[in-house]
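Novice: So you can see what is in the structure, the chains are spelled out below.
Number of protein chains: 2
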Amino acid sequence: MTYKKFRVIKPEIRVLGVDDGIFKPRTKRFVPVVGVVFRGGYWLDGVMHTKIRVDGVDATRKIASMVTNSPHYEQLRVIILDGVTFAGFNVVDIKKLNAKTRLPVIAVTREKPNLEEICSALENLPKSEERWKAILNAGEPVEVSVRGGKEKVYMQTAGICEEDARKILQLTSTRSNIPEALRVAHLIASGISAL
Amino acid sequence: MTYKKFRVIKPEIRVLGVDDGIFKPRTKRFVPVVGVVFRGGYWLDGVMHTKIRVDGVDATRKIASMVTNSPHYEQLRVIILDGVTFAGFNVVDIKKLNAKTRLPVIAVTREKPNLEEICSALENLPKSEERWKAILNAGEPVEVSVRGGKEKVYMQTAGICEEDARKILQLTSTRSNIPEALRVAHLIASGISAL
Chain W
1 MTYKKFRVIK
11 PEIRVLGVDD
21 GIFKPRTKRF
31 VPVVGVVFRG
41 GYWLDGVMHT
51 KIRVDGVDAT
61 RKIASMVTNS
71 PHYEQLRVII
81 LDGVTFAGFN
91 VVDIKKLNAK
101 TRLPVIAVTR
111 EKPNLEEICS
121 ALENLPKSEE
131 RWKAILNAGE
141 PVEVSVRGGK
151 EKVYMQTAGI
161 CEEDARKILQ
171 LTSTRSNIPE
181 ALRVAHLIAS
191 GISAL
Chain H
1 MTYKKFRVIK
11 PEIRVLGVDD
21 GIFKPRTKRF
31 VPVVGVVFRG
41 GYWLDGVMHT
51 KIRVDGVDAT
61 RKIASMVTNS
71 PHYEQLRVII
81 LDGVTFAGFN
91 VVDIKKLNAK
101 TRLPVIAVTR
111 EKPNLEEICS
121 ALENLPKSEE
131 RWKAILNAGE
141 PVEVSVRGGK
151 EKVYMQTAGI
161 CEEDARKILQ
171 LTSTRSNIPE
181 ALRVAHLIAS
191 GISAL
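Residue numbers (the working numbering), protein chains in the order written: chain W, 1 to 195; chain H, 1 to 195.
Incorrect hints may have been included.
With a Cα cut of at most 30 angstroms, we get these calculated DSS-like pairs of lysine-lysine [claimed, not checked]:
| # | chain 1 | residue 1 | chain 2 | residue 2 |
| --- | --- | --- | --- | --- |
| 1 | W | Lys28 | H | Lys100 |
| 2 | W | Lys167 | W | Lys5 |
| 3 | W | Lys150 | W | Lys10 |
| 4 | W | Lys152 | W | Lys28 |
| 5 | H | Lys51 | W | Lys51 |
| 6 | H | Lys51 | W | Lys62 |
| 7 | H | Lys96 | W | Lys24 |
| 8 | H | Lys127 | H | Lys62 |
| 9 | W | Lys62 | H | Lys24 |
| 10 | H | Lys51 | H | Lys62 |
| 11 | W | Lys62 | W | Lys100 |
| 12 | W | Lys152 | W | Lys5 |
| 13 | H | Lys62 | W | Lys51 |
| 14 | H | Lys152 | W | Lys51 |
| 15 | W | Lys24 | W | Lys95 |
| 16 | W | Lys150 | W | Lys51 |
| 17 | H | Lys96 | H | Lys150 |
| 18 | H | Lys10 | H | Lys127 |
| 19 | W | Lys5 | W | Lys127 |
| 20 | W | Lys51 | H | Lys100 |
| 21 | H | Lys51 | W | Lys24 |
| 22 | W | Lys127 | W | Lys152 |
| 23 | H | Lys24 | H | Lys96 |
| 24 | H | Lys95 | H | Lys112 |
| 25 | H | Lys127 | H | Lys5 |
| 26 | H | Lys127 | W | Lys150 |
| 27 | H | Lys4 | H | Lys62 |
| 28 | H | Lys150 | W | Lys10 |
| 29 | H | Lys10 | H | Lys133 |
| 30 | W | Lys96 | W | Lys51 |
| 31 | H | Lys95 | H | Lys62 |
| 32 | H | Lys100 | H | Lys150 |
| 33 | W | Lys10 | W | Lys112 |
Just so you know, these hints were derived from the structure itself, not from any lab.
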């Protein structure tokens with residue numbers, strides 16, 4: 001694991017928001033995953049994409065290479081994921097993603113992840129131990145106040161201290177209770193899903 | 001043609017920016033076209049897409065149905081295109097697009113379109129008369145000052161008076177010399193082109 005302590009968090013910090021597209025559950029098809037580069041919470045700087053398999057185990061590897069092969073890689077300071085489960089139960093191991101990209105990772109959810117529910121869903125899938133390990137590697141979800149304390153979200157982090165991650169979420173959640181890069185990644189991934 | 005005179009142009013006017021992705025010239029393959037809904041020059045509200053053929057004649061029809069079939073259609077007030085030639089010489093007839101969508105259309109370019117150059121390129125393509133008619137339907141490009149007069153772009157319009165179109169371009173060009181919806185549509189279309 002690499003660990004980043006920010007000296008200062010600039011308002012224009014380059015963040016990557018990552019979300020998956022729409023898919024039919026249990027199809028083993030490919031789902032688009034979109035990464036959106038934002039300067040802080042305001043300006044879109046770039047878009048990247050990859051594809052992962054529904055209920056597959058390729059999310060960590062595919063997202064890591066999408067990031068490190070991108071022309072934006074050098075500018076990026078942090079990766080923000082829409083939770084750790086993509087395309088069904090294709091779990092992102094945020095510790096591994098942090099190690100592979102050497103970037104801090106913050107997984108954000110609006111609801112507190114229900115570990116019991118996830119655990120029982122994983123039981124029926126191949127490589128359930130590998131998936132479960134990735135879930136545990138994400139650590140306990142931590143509550144974060146955003147939008148001046150009016151709303152809250154949950155985060156799991158790798159390679160970044162809680163205080164810095166909290167600040168980054170608060171700074172970049174300009175339009176809703178999640179970082180703008182993540183809100184826009186969701187809109188793009190949904191909008192292109194039938195391509 | 002339908003004609004819209006705006007009573008007032010709200011800062012949060014919903015505009016659709018439309019641009020095409022990257023493609024190999026003269027391949028007859030499909031190219032993604034992305035439409036991005038913005039509230040004025042600041043917030044992304046949605047993403048839609050279609051596909052058109054390199055050097056085909058389907059751009060007008062495909063973009064019109066992308067717009068009218070979108071859940072955002074009712075909110076949209078104006079369509080902004082990256083010029084009138086998409087995917088090579090797949091020309092958008094902005095008069096027809098205006099009639100089919102009942103929305104004003106503004107085609108924006110950074111450089112003044114060179115009609116002579118376009119004309120000679122069209123000669124070698126099938127349906128060159130239909131394409132040429134679409135080029136002429138776009139009318140003479142008009143210069144517009146943006147970014148407080150520091151920069152200029154060119155526009156061709158259908159279904160909107162020059163003054164309103166000018167105001168919309170000035171209002172929505174927040175980050176560069178083109179409307180933010182168009183700048184972001186370009187980044188998305190390029191970013192997903194290899195999907």
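Novice: Now, for every hint given, state plainly whether the structure supports it.
Specialist: Hint-by-hint comparison with the structure:
1. Between lysine 28 of chain W and lysine 100 of chain H the CA atoms are separated by roughly 39 angstroms; this puts the pair beyond 30 angstroms, and the hint is violated.
2. Pair hint lysine 167 of chain W plus lysine 5 of chain W holds up; C-alpha atoms about 12 angstroms apart against a cutoff of 30 angstroms.
3. Of the supplied pair hints, the one linking lysine 150 of chain W and lysine 10 of chain W holds, its CA atoms being roughly 23 angstroms apart against a limit of 30 angstroms.
4. Distance check on the hinted pair: lysine 152 of chain W and lysine 28 of chain W sit about 34 angstroms apart at the alpha-carbon level, beyond 30 angstroms; violated.
5. At most 30 angstroms may separate the alpha-carbon atoms for a hinted pair to count; lysine 51 of chain H and lysine 51 of chain W meet this at roughly 19 angstroms.
6. Among the hinted pairs, lysine 51 of chain H with lysine 62 of chain W is consistent with the structure: their alpha-carbon atoms are about 26 angstroms apart, no more than 30 angstroms.
7. Pair hint lysine 96 of chain H plus lysine 24 of chain W does not hold up; C-alpha atoms about 36 angstroms apart against a cutoff of 30 angstroms.
8. Proximity of lysine 127 of chain H to lysine 62 of chain H is assessed by CA-CA distance (about 17 angstroms); at most 30 angstroms being required, the pair is judged to hold.
9. A hinted pair counts as satisfied when its Cα atoms are at most 30 angstroms apart, and lysine 62 of chain W with lysine 24 of chain H qualifies at roughly 26 angstroms.
10. A C-alpha spacing of about 7 angstroms is found between lysine 51 of chain H and lysine 62 of chain H, which places the hinted pair at or below 30 angstroms, so the restraint holds.
11. Among the hinted pairs, lysine 62 of chain W with lysine 100 of chain W is consistent with the structure: their alpha-carbon atoms are about 11 angstroms apart, no more than 30 angstroms.
12. Annotation: proposed proximity of lysine 152 of chain W to lysine 5 of chain W holds, straight-line Cα distance about 24 angstroms (limit 30 angstroms).
13. Distance check on the hinted pair: lysine 62 of chain H and lysine 51 of chain W sit about 26 angstroms apart at the alpha-carbon level, within 30 angstroms; holds.
14. For the hint linking lysine 152 of chain H to lysine 51 of chain W, the alpha-carbon distance of about 39 angstroms lies beyond 30 angstroms, and the restraint is violated.
15. With a C-alpha separation of about 28 angstroms, the suggested pairing of lysine 24 of chain W with lysine 95 of chain W holds against the 30 angstroms cut-off.
16. Distance restraint check for lysine 150 of chain W and lysine 51 of chain W: the Cα-Cα separation of roughly 35 angstroms exceeds the 30 angstroms cut-off, and the hinted pair is therefore not satisfied.
17. For a cut-off of 30 angstroms, the pair hint linking lysine 96 of chain H to lysine 150 of chain H is broken: about 33 angstroms separates their Cα positions.
18. At roughly 41 angstroms between alpha-carbon atoms, lysine 10 of chain H and lysine 127 of chain H are farther apart than 30 angstroms, so this suggested pair is violated.
19. Simply put, lysine 5 of chain W and lysine 127 of chain W have alpha-carbon atoms about 34 angstroms apart, too far for the 30 angstroms limit, and the pair is violated.
20. Taking the CA atoms of lysine 51 of chain W and lysine 100 of chain H, the gap is about 35 angstroms. The hint is violated against a cut of 30 angstroms.
21. The suggested pairing of lysine 51 of chain H with lysine 24 of chain W holds, with an alpha-carbon distance near 22 angstroms, which does not exceed 30 angstroms.
22. A hinted pair counts as satisfied when its Cα atoms are at most 30 angstroms apart, and lysine 127 of chain W with lysine 152 of chain W does not qualify at roughly 33 angstroms.
23. In summary, the hint linking lysine 24 of chain H to lysine 96 of chain H is supported, as the alpha carbons are separated by about 27 angstroms, within the 30 angstroms threshold.
24. Under the criterion of a C-alpha separation no larger than 30 angstroms, the hint pairing lysine 95 of chain H with lysine 112 of chain H is consistent with the structure, at around 20 angstroms.
25. Of the pairs offered as hints, the one joining lysine 127 of chain H and lysine 5 of chain H is violated, with about 34 angstroms between alpha carbons and a cut-off of 30 angstroms exceeded.
26. Between lysine 127 of chain H and lysine 150 of chain W the CA atoms are separated by roughly 59 angstroms; this puts the pair beyond 30 angstroms, and the hint is violated.
27. Restraint check: the Cα-Cα separation between lysine 4 of chain H and lysine 62 of chain H comes to about 23 angstroms, which is no more than 30 angstroms; the hinted pair holds.
28. For the hint pairing lysine 150 of chain H with lysine 10 of chain W, the CA-to-CA distance comes to about 28 angstroms; that is within 30 angstroms, so the pair holds.
29. Taking the CA atoms of lysine 10 of chain H and lysine 133 of chain H, the gap is near 34 angstroms; set against the 30 angstroms cutoff, the hint is violated.
30. Using a Cα cut-off of 30 angstroms, the hinted pair lysine 96 of chain W and lysine 51 of chain W holds, with the two alpha carbons roughly 18 angstroms apart.
31. Restraint check for lysine 95 of chain H and lysine 62 of chain H: satisfied, since their Cα atoms lie roughly 15 angstroms apart, inside the 30 angstroms limit.
32. Among the hinted pairs, lysine 100 of chain H with lysine 150 of chain H is inconsistent with the structure: their alpha-carbon atoms are about 35 angstroms apart, more than 30 angstroms.
33. Distance check on the hinted pair: lysine 10 of chain W and lysine 112 of chain W sit about 28 angstroms apart at the alpha-carbon level, within 30 angstroms; holds.
Hint check: violations occur at hints 1, 4, 7, 14, 16, 17, 18, 19, 20, 22, 25, 26, 29, 32; the rest are consistent with the structure.
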